[in-house]
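Visitor: Sequence:
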Amino acid sequence: MRILMSRLVQGLRSFLGVPLIVGSEMIGRLAVWGDTPSEFALTHRKVASEITASLAVALQQARLHEQLRAGRERLQAVSRRLVDLQETERRSIARELHDEVGQALTGLNVLLKIRGRGAINCVPRVTNRAPTRRPARRLPGGGNPVSPF
Numbered sequence: 072m073r074i075l076m077s078r079l080v081q082g083l084r085s086f087l088g089v090p091l092i093v094g095s096e097m098i099g100r101l102a103v104w105g106d107t108p109s110e111f112a113l114t115h116r117k118v119a120s121e122i123t124a125s126l127a128v129a130l131q132q133a134r135l136h137e138q139l140r141a142g143r144e145r146l147q148a149v150s151r152r153l154v155d156l157q158e159t160e161r162r163s164i165a166r167e168l169h170d171e172v173g174q175a176l177t178g179l180n181v182l183l184k185i186r187g188r189g190a191i192n193c194v195p196r197v198t199n200r201a202p203t204r205r206p207a208r209r210l211p212g213g214g215n216p217v218s219p220f
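Read in order, the letters of the sequence shown correspond to residues 72 to 220 in this note's numbering.
Honestly, the hints are just simulated from the structure, not real lab data.
Among these hints, one or two may not hold up.
Below, a list of computed lysine to any residue pairs in the SDA-like style, where the Cα atoms sit at most 25 Å apart [stated by the list, open to error]:
1. K184 / E171
2. K117 / H136
3. K117 / L83
4. K117 / G105
Given the sequences, and given the hints that come with them, work out the whole structure.
Guide: Structure, rendered in C-alpha cells:
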C-alpha cells in the first residue's frame, strides 16, 4: 500500500491489481500501474489474470517444495537420533552380556577349584566337558564376545 501511495504522489494515473489465488486462499497480488488514465484495457486485464494464475501456481509449488525440504530435514534428524539410540542400547546390552559371562566364568572357575580340593578324580571329567578357557563367539552385528556354553 505504501508503494501505491508513493506512486500516486509521483503521478500514477492508472492502476491494475490482480489477486494471486491458490484454491480459495489469496497468497498475494500483482500490481501494475501506468502514467495515463484508463491505460489498462480488457486485454491487459486478461493477460494480467493469466500471469497471476501462473504466478500463483509457481508460488504454491515453491511453498510446497520448501515444506517438503523441511520435512526431509526433520526426518533425517529423527533417523540420526534413532541410530544413535540403537547404538547406545547395543553397547549397553553388550556390556551387560560381557559382565554376566565374566561372572559366570569366574563362578565356574571357583567351583572347579573347590571340587578339585575335595575330589581330585572328578576335576578332569568336569574340565573336559566344560573348560573355562574356551574361545568366545562374537555376537551378530559386532557385539562383544560371549561364551559358547
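Visitor: Work down the list of hints and note, for each, if the structure agrees.
Guide: Status of each hint after checking the structure:
no.: 1; hint: K184 / E171; verdict: holds, 20 Å
no.: 2; hint: K117 / H136; verdict: violated, 29 Å
no.: 3; hint: K117 / L83; verdict: holds, 21 Å
no.: 4; hint: K117 / G105; verdict: holds, 16 Å
The structure fails hint 2 only (numbered hints given earlier).
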